[in-house]
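J.: Chain by chain, the residues run as shown.
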Amino acid sequence: MIAMISPLIADAGPVIPKFGHASSCITQNKQFCASWFFDNFSSRFEPRLIEHIELTAIAVGIGMVIAFTAAIIAYKMNWFEGPFSLFSAFLYTIPSLALFELLVPITGINRTTAEIGLVSYTLLILFRNALTGLRGVPPETIEAAHALGLTDRQRLLRVEVPLALPAIMAGIRIATVTTISLTTVAAFIGAGGLGKPIFDAIQTGFKTEFLAAGMLAVALAIVVDLLLVLLERAITPWSRRRLQAT
Amino acid sequence: MNDFANAFTFFFDHLSLMGDKTLSHLEVSFASIGVAILLFVPLGVWLGHIHRFSFLAINVSNIGRALPSLAVISIGIGILGIGFANVLAALVILAGPVMLTNAYVGVNEVNPDAVQAARAMGMRSSQVLWRVELPLAMPLIFAGIRTGTVYVVATATLATFAGGGGLGDIIINESTYGTAGVIAGALTITVLAFLIDGLLALVEFAVTPRPLRQHGRRARVEAVVEPSLDAGGRR
Chain A
1 MIAMISPLIA
11 DAGPVIPKFG
21 HASSCITQNK
31 QFCASWFFDN
41 FSSRFEPRLI
51 EHIELTAIAV
61 GIGMVIAFTA
71 AIIAYKMNWF
81 EGPFSLFSAF
91 LYTIPSLALF
101 ELLVPITGIN
111 RTTAEIGLVS
121 YTLLILFRNA
131 LTGLRGVPPE
141 TIEAAHALGL
151 TDRQRLLRVE
161 VPLALPAIMA
171 GIRIATVTTI
181 SLTTVAAFIG
191 AGGLGKPIFD
201 AIQTGFKTEF
211 LAAGMLAVAL
221 AIVVDLLLVL
231 LERAITPWSR
241 RRLQAT
Chain B
1 MNDFANAFTF
11 FFDHLSLMGD
21 KTLSHLEVSF
31 ASIGVAILLF
41 VPLGVWLGHI
51 HRFSFLAINV
61 SNIGRALPSL
71 AVISIGIGIL
81 GIGFANVLAA
91 LVILAGPVML
101 TNAYVGVNEV
111 NPDAVQAARA
121 MGMRSSQVLW
131 RVELPLAMPL
141 IFAGIRTGTV
151 YVVATATLAT
161 FAGGGGLGDI
171 IINESTYGTA
181 GVIAGALTIT
191 VLAFLIDGLL
201 ALVEFAVTPR
211 PLRQHGRRAR
221 VEAVVEPSLD
231 AGGRR
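Protein sequences appear in the order of chains A and B. Residues in the first sequence are numbered consecutively from 1, following my numbering. Residues in the second sequence are numbered consecutively from 1, following my numbering.
Heads up, a few of these hints could be off.
Said to hold, decoys possible - Covered by chain B, according to a simulated footprint, are these stretches of chain A (three or more residues, beta-carbon under 8 Å):
| no. | region |
| --- | --- |
| 1 | 91-100 |
| 2 | 167-178 |
| 3 | 184-190 |
| 4 | 201-212 |
| 5 | 221-234 |
As the list claims (entries may be wrong) - On the chain B side, residues computed to face chain A include the following (Cβ under 7 Å):
| no. | residue |
| --- | --- |
| 6 | F30 |
| 7 | I77 |
| 8 | A154 |
| 9 | V182 |
| 10 | F194 |
What the hints assert, rightly or not - To give an idea of the interface, some chain A residues facing chain B are shown, with a C-beta separation under 7 Å as derived from the structure:
| no. | residue |
| --- | --- |
| 11 | P105 |
| 12 | T107 |
| 13 | I198 |
| 14 | A217 |
| 15 | V218 |
Honestly, the hints are just simulated from the structure, not real lab data. All values reported here derive from a predicted model rather than from experimental measurement. Glycine residues also receive a C-beta, built at the ideal position from the N, C-alpha and C atoms.
Okay, chain B solo, but in the shape it has when bound (with noise of 0.2 Å):
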């Protein structure tokens, strides 16, 4: 237990490095987050509003999920080399799925009652999405994106393999910063990980439209469950 106590003189004594290595591991994060949320959301969106491609869709997230993070980093060094460009298009393949499926599952599963009622109403198609299908898809949308999220910050701790930085450069470098700045790093990203998944939660109620939001938290615990019960036959 001494060496816990010692990783706290550690964190103390070198908070410049542990500001510095969070920084860079936010950036690799938020990089690789964003370019996911680019690609894979609008493309489930658009699936899911024209109601096709429901196997590729579904199934996308399994893969994703089957993807050994560092075998993708791996090959990804053997193909790319070290560097940034690897480590982003690694932490994009392996958030992305997850994304696309909940964007797909969201939108294709809002009540077609409603949808009927928007076009009675006269609305145009792109009306229909973006002010009766996307309000409505936001919670599913959104568990998606915060589950990627969550994963890219945990899995960024890898890419200090392929030269990208971050918390990771000091978690496995032990004979420079010894056991306390080993453990002190590891509870620094331990930390991280659950400060954004707290936040990311509150941004979720808040995307979240007021009449769904006592389903919010039922929708999440769902979006883990159903997709993977969908591939196994039931739909």
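Bound-form chain A, shown alone (with noise of 0.2 Å):
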């Protein structure tokens, strides 16, 4: 697959797909051919739009629980800080495509493949905005939580984590926007998503596929965006509160 992308390009002309009905839109490959995408839409975009959905989310979950737990560790053990963040943004400053195509020799090319980058990629964000949060917590409220006879682990849970969950959420909200981004190039090693159909478009040259993948991968990406924006303000109301009162 990796093999035929470059020659194709080469010719330039439009490789017209055998697939739907060949009007004289497609056969032109005009700009953008409305019926074609909406005749389409079920059988080759929304799939990969669920799938796409689910590398995401996959890989959010299970940089969540890596990031967290540093965190929590780095905010109990403060020289753990250091180490964890150099690991994490040595890998967040490796190119996509080039971080993918190194582990192809290590792990093949499947989703495990895909899903190793896009974790590595969330990590940095993840760990950084939520120490940022814990640190934030002002001494007061913590000598308070000791003073009413909190345990540490009580202490953590619901005094702590609550009062960093804006600094969690923002990191949370970039995290995955960023994974939503590099899953489009994940499909280079077989990943699926809506990468899928821009390395079809990249293969037959055919206009209207380059712009509706291209599309509906940037809707996504603004859609959970404003998600997980409204998410944000749902989960912690006391934060506009004391907006409204500074």
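Using the hints, put the two chains back together into the complex; each one sits in its own frame.
T.: Written as structure tokens, this is what we have:
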């Protein structure tokens, strides 16, 4: 699949796919053939969209488990911050296509490889935001919790984590949106998702498919971003009240 | 692991090819970064100077970050076709917003006392901008340029799909260059991303006025975290 791409680009002439109704819009490869898009949405785009959401959800879920564990360790033991920050910043700087290709010889062309790559990109943002949030808890609040006789565990779960939630949620939001973007690239190593029709279009030169797949990925990112903003507001009502008070 | 050893052999056997691809990679990257800086940094600085449109200036980087890079390139191919123009447009759209937001936040949040003192000394608005606000905002402005640059150099790998050349040409062409070539290309682009990030860290230090230097590092970390917090409804 990888090998097929560049020679076909060089030919430049559109190779029209064999599916769908060959209307004049398709045979002339016009800007956007809306009827083709609607006819083929449920068969060609919907499954990819669902795949894309699955891949993203799994990556962000695993990333959260790792990054939050690390953030709590770093919160309790300061020395841990340096090494984990360095490690996650290192992963974050590697260009995505390169990271996927470097993983292929080790774990093969499959979904696991894609997920490993995707998870590694979420760590830096989730870790840094969670730690910033935890460290931002006012010392008076922590002392008050002590005075009330809360154990370490109760203090963490009932006081520190809730107060760090706005920062944690902001981290989840950035990490999710970034993952949606990188999942598109992961289609190159056979992970599926909305990148698949983009790579199909690169082989055929079919403009409608370029636009449709690209627009769907952009729309998904923006919709998820907005949903997470709403979720953040819903679960941290006090942060808005505080805003009005100051 | 043998693949990785072969990659090193490939790299040294094809030094001129790697050199050419690296050069074209940097060409595309720097052209895009140059355009993005010219378009977005002055706009951010100006908005920060007049303290207007904060909602737009802060949220534009969230939208920029939300745009999937490959999807933007794909839409670009659909509209502009294969070629340099498409790659340039896509990379500018992806790198510009973070530069705008950082420039805006940097200038907007210059200590108002310093600005008032400058006015009291009789400085004109333009003098306040050039002599007070810009030097104080420099660390954040440059942090934005650095983030955008590293992003562009990394994303320029995808330019190959739009006929933009660069190291991506090797990474996606296993049939021509073999697994060793693919890995050699991937390692080269990774090293390149780190080198550029490191170099810019040095430049960032150099452009930071001396008294601000000890806070320089913290400023960058906040630049990543804070605007996102703002958008979450904190401000």
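J.: Hint by hint, say whether it matches the structure.
T.: Verification of the hints:
Beta-carbon proximity to chain B at under 8 Å applies to 7 residues in the region 91-100 of chain A; the threshold of 3 is reached and the given coverage holds. Using a Cβ-Cβ cut-off of 8 Å, 8 residues of the region 167-178 of chain A lie near chain B, which meets the minimum of three, so the contact claim holds. Taking a C-beta to C-beta cut-off of 8 Å, the region 184-190 of chain A contributes 3 residues in contact with chain B, enough for the three needed, and the coverage statement holds. Using a Cβ-Cβ cut-off of 8 Å, 6 residues of the region 201-212 of chain A lie near chain B, which meets the minimum of three, so the contact claim holds.
Coverage of a stretch by a chain is defined here by at least three residues with a beta carbon nearer than 8 Å to that chain's beta carbons; for the region 221-234 of chain A and chain B the count is 6, and the condition holds. A hinted interface residue such as F30(B) counts as satisfied when its beta carbon comes closer than 7 Å to some beta carbon of chain A; here the least separation is about 16 Å, so the hint is violated. Hint on I77(B) holds. Least Cβ distance to chain A is approximately 5 Å, under the 7 Å limit. Of the supplied interface hints, the one on A154(B) holds, with its beta-carbon coming within about 4 Å of a beta-carbon of chain A, less than 7 Å.
Of the supplied interface hints, the one on V182(B) holds, with its beta-carbon coming within about 5 Å of a beta-carbon of chain A, less than 7 Å. Taken as an interface hint, F194(B) checks out: its beta carbon lies about 6 Å from the nearest beta carbon of chain A, inside 7 Å. With 7 Å as the threshold, the beta carbon of P105(A) comes within range of chain B, its nearest partner Cβ sitting at about 4 Å, so the hint holds. The interface hint given for T107(A) is violated, since its Cβ lies 12 Å from the closest Cβ of chain B, which is over the 7 Å cut-off.
Annotation: interface hint on I198(A) holds; nearest CB of chain B at approximately 5 Å, less than 7 Å. Because the closest C-beta pair between A217(A) and chain B is about 4 Å apart, less than 7 Å, the hint holds. Residue-level restraint check for V218(A) holds (minimum Cβ-Cβ distance to chain B is 5 Å; threshold 7 Å).
Violation of the numbered hints given earlier is confined to hints 6 and 12; the remaining hints are satisfied by the structure.
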